[in-house]
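Peer 1: From just these sequences and the hints, can you work out the full model?
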Amino acid sequence: MINKKRKVIIASNNSHKIEEIKEILRAFPYEVISLKEANIDFEVVEDGKTFEENAYKKAKEIMELTNEICLADDSGLEVYALDSAPGVYSARFSGEPSNDRRNNEKLLRVLLKVPEDERGARFVSSLVMLFPEGLDIRAEGYVEGVIGHVGVGNNGFGYDPLFIIPKLNKTFAQLTTEEKNAISHRGNALKLLKTRLECAFNCEG
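Going by the working numbering, the first residue of the sequence shown is number 1, and it counts up by one from there.
Be careful, since some hints might not be right.
To be verified - Subject to a maximum C-alpha distance of 25 Å in a straight line, what follows is the list of computed PhoX-like cross-link-like pairs (lysine-lysine): (1) Lys7 with Lys36; (2) Lys49 with Lys106; (3) Lys17 with Lys49; (4) Lys57 with Lys36; (5) Lys191 with Lys167; (6) Lys191 with Lys170; (7) Lys60 with Lys170; (8) Lys106 with Lys170; (9) Lys17 with Lys113; (10) Lys7 with Lys17; (11) Lys7 with Lys194; (12) Lys170 with Lys113; (13) Lys60 with Lys17; (14) Lys194 with Lys57; (15) Lys191 with Lys57; (16) Lys22 with Lys36.
These are calculated hints, taken from the structure and not from any lab test.
Peer 2: Written out as structure tokens, the structure reads:
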């Protein structure tokens, strides 16, 4: 049976992402800690071609380093008019080092002449949770939206100020943490992950 009181290390140094995951995982029976809280100074090279490949690589390398349960997320923005770019390059769309402001500015530039009805996009979150004893749980979540013409809102991070949820007529950056987590790609992926975790517990007896 899986030990429900073990630590889960989030394989990330992104403080915003860690905050979102911790908030959503609050109900899980684990002690959830970040790489920094685990005193791990280790950067995984994200060279996968898909979000899932990157998430798996991060989870595997940190799990092997620590022998602890590891949860990794790789996520980003896919804009349909750009053939799903920036995709896995979302964080470094405008080059290295990653910079949210420059990424948003570049996105607005490349979409400058794109018609209003062709600015559809989605956020994708791929989660991989690996256990030293061999259990591998994966989940992917999505949220559909539209890219605005100017950044609006002060919450969130990344492309949140440009990503409009049509039914709310608000950007991600205008939502509270609770509102965003209820509909976000990462929130949806974590809900699925939770369901699969619960199934794993039941199957283990």
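Peer 1: Against this structure, judge whether each hint is valid.
Peer 2: Checked hints:
1. Restraint check: the Cα-Cα separation between lysine 7 and lysine 36 comes to about 14 Å, which is no more than 25 Å; the hinted pair holds.
2. At roughly 22 Å between alpha-carbon atoms, lysine 49 and lysine 106 fall within 25 Å of each other, so this suggested pair holds.
3. For the proposed pair lysine 17 and lysine 49, the alpha carbon gap of about 21 Å is at most 25 Å, so the pair holds.
4. For the given pair, lysine 57 sits about 19 Å from lysine 36 by alpha-carbon distance, which is consistent with the 25 Å threshold.
5. Between lysine 191 and lysine 167 the alpha-carbon distance is near 21 Å, which keeps this suggested pair within the 25 Å criterion.
6. The straight-line distance between the Cα atoms of lysine 191 and lysine 170 is roughly 23 Å, inside the 25 Å bound, and the hint therefore holds.
7. Under the criterion of a C-alpha separation no larger than 25 Å, the hint pairing lysine 60 with lysine 170 is inconsistent with the structure, at around 37 Å.
8. The hinted pair formed by lysine 106 and lysine 170 meets the criterion: a straight-line CA distance of about 21 Å does not exceed 25 Å.
9. This hinted pair does not check out: lysine 17 and lysine 113 have alpha carbons roughly 32 Å apart, beyond 25 Å.
10. With a CA separation close to 18 Å, the supplied pair lysine 7 and lysine 17 stays within the 25 Å bound.
11. Distance hint between lysine 7 and lysine 194 is fulfilled; the C-alpha atoms sit about 16 Å from each other, no more than 25 Å.
12. For a cut-off of 25 Å, the pair hint linking lysine 170 to lysine 113 stands: about 22 Å separates their Cα positions.
13. With a CA separation close to 19 Å, the supplied pair lysine 60 and lysine 17 stays within the 25 Å bound.
14. Between the alpha carbons of lysine 194 and lysine 57 the distance comes to roughly 21 Å, so the proposed pair stays at or under 25 Å and holds.
15. Taking the CA atoms of lysine 191 and lysine 57, the gap is near 22 Å; set against the 25 Å cutoff, the hint holds.
16. For the hint linking lysine 22 to lysine 36, the alpha-carbon distance of about 14 Å falls within 25 Å, and the restraint holds.
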